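Chains as they are written, first to last, in our numbering: chain Y, 42 to 295; chain A, 118 to 332; chain P, 1200 to 1421.
Hints in this document: simulated from the structure, not taken from any laboratory. Treat each hint with caution, since some may be false.
[Said to hold, decoys possible] What follows is a list of derived Cβ distance ranges for each label pair:
(1) I199(A) to A250(Y): 26 to 36 Å
(2) D1204(P) to N240(Y): 35 to 45 Å
(3) F154(A) to L152(Y): 49 to 59 Å
(4) G1262(P) to S213(A): 27 to 37 Å
(5) G1320(P) to P117(Y): 49 to 59 Å
(6) S142(Y) to A323(A): 50 to 60 Å
(7) D1204(P) to T316(A): 45 to 55 Å
Predicted model only: the values in this text are computed from it and were never measured. Virtual Cβ for every residue (Gly too), placed ideally from N, Cα, C.
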Amino acid sequence: MRRIGRISMGHSFLFGFPVFAGAAGYTFSAELFIQLFLAGCVLSFLIFYLFSELTGRTAFVFLTLVFSIFVWVASPKLVFEKDGYLTGGEVGFSFPAITQSRLHITAILILVVIFVLYRYVEKSRIGYFMQAIGDDETSSRAVGINLRKTKALSVLLSCVPAWSAGLIYGFEFGHISPEIFSIEISVFPFIASLVGAGNPLLSVFSSFALVYLSKILNSIYPGLMGIVYSLILILSPKIGRWVYVKGKRLGEKG
Amino acid sequence: MALLVSLNFRIGRFLNLSLGGLFAAGGYIAYFTPSPFVALIAGLIFGFLMALTISRICRSITEATILSLGAGILIERFLEMIHRSSYYYFVSFDYSPYLVVLGILAYLIIFAVYTSPYGLKMKFVESDHELAELYGVNTKRVFTVTTSLTSACAVLAGFFSSGLLAISPTTGFGYLLSGIMVSALTAQFRQIGAVHYLTLLAVSFASVRFLGVLI
Amino acid sequence: MLRADNIRVTFNGLEVLKGITLEIEKGQSVLVVGPNGSGKSTLFKAIMGAVDYTGSVSLDGMGLDGMPPHMRFRLGIVLAPEKMRVAEDLTVRENIEISGRFQDAVDIFPELRQIARRRAGILSGGERQMVVFSRAILSESSYLLLDEPFQGLSDENAERIISAVEKQKKKSGIALISHDRIEDLLEISDRLVLMLSGKVRKVMEIDSPFHAIKKLEKYMIL
């Protein structure tokens, strides 16, 4: 999404919503799990696409972040009664089980496919269109680039890895709670991109590094990684200006 | 909370996402040191330091907003780390009547500023920050004072609300979210100065009446 | 004297001003001309401290570098910015009263009385320009920088601006950027600065407006 000049700070919604919906459906049946997961994918794509159409660069950051916080705060309200038991709420829902070895192979395959897809799109005509929109939306429209189509594709490309990651996360832990929408998860892609110097491949490695660092630091003192995340965010304007797309300057009108 | 979000956004030109964390910090201060002065001083110092950091290293609204988000998470994580024996805290006193006093005081200050000779300058800052600076308004000072005072108010609001709440590090997020929504809704009226803040009050009451605080 | 010395400004790696020097003395009027993109407005913003620059700006020998715009304003440097910049949410009266008495603005442009309570954001181009000029001229300025003051104005109002500038010249040093009414402005200007591609191409003391126009035609400005 950065390519079309938008930074999303609410990726936890894309990451978490389809699996959360799917897990809610799994309470009733495996079919409903698949149906609600797919419906969650479509809905989350439509919402983010709508946001990218309705807002400018600066407002998009705010809207996605505020929206993800809203979902985080509101999701524990979802409670069902099944066979006389209450399920959902703060605890969340259970998720289908899958063997660990199969899961890891699937994860690596998805990663490779996404990486190849990204490289292909980046070098294609549509990739250049995305770059052009990121540089200047008005001029891109003037030279005949189909803004809607390009934006939609860019949002979709951003959604696919988030949905896949959410699914893998669900299978890994066998359980989905409202914490999947937490701020830490929302800002994780931004932090990984920052640590990965804005390079997509490096960002993948930095994601792994951050996850392992998180395990180490949190075992030293629970919550320590949260402090590291917050410090990275505080220092982000200084250490990683490349991640920020052109937005309104402080004090700029409007 | 809507008033604090609105003041920060209109005068400071950024969405202050640390206000939720500061609100929760107020609750913790009430639990550990039940003194409003500690809350006031802590809020002022935190707000001042954040304003200083934003002035020094941020160039855009987005950067300032993300910095404030980092600051909010830092507070929240810090609160979670300092005392982990139980997740929710409860205090035995109820300072909530002082919340009304704090609100009235905040509005009185706003009206005093906007009806003073400095009011027009503040309106200029709200409408066009850059133009205000070109016409002699020290926008950096206005930004620092606003951020410090709103941070202090957020901590005090958390402090005075503590008797009504199950205190946890994420206590403030619901309030922050409601504040952002009410603030965004009121901004649609395109008013400026004291009139805007009066409308904000009306919209806040209406939203609490019809929707309740999202928490 | 207001002096900008060897001013360089770079935006995103592109050097917009390449070592410009400009002097304005009290009681003097300097006309700055040049094609779009030559860096005229950026020069004024640099003098005001509204953009980052290298080089130096001084006022009566006192260095102003590192000083924010509001401090420069308080020292008497006033900029009427380009693009008819008004505080859009404020009324016409409020926009002007930041600088001085509204009645003084009405004395220059009587039309302002009818639109005093109108929100500046919905004004026409000409009305905005009246607000921008009034706000600048009513400020306690010792140096006045006017960026395209005639944009969108009727002939009658442009004449009013020229006579107001002439009056102001007795109290302040004035620098003007304009694409319009060059001939009229040469009548009241003491010096002409021609800028091209971020550099000063020519500085002319104006003895006769006719000769100045002839020289400018050589550079295909008119």
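Kindly indicate which numbered hints from before are broken by the structure, ordering the numbers from low to high. When the structure is compared with the hints, numbers 4, 5 turn out to be violated.
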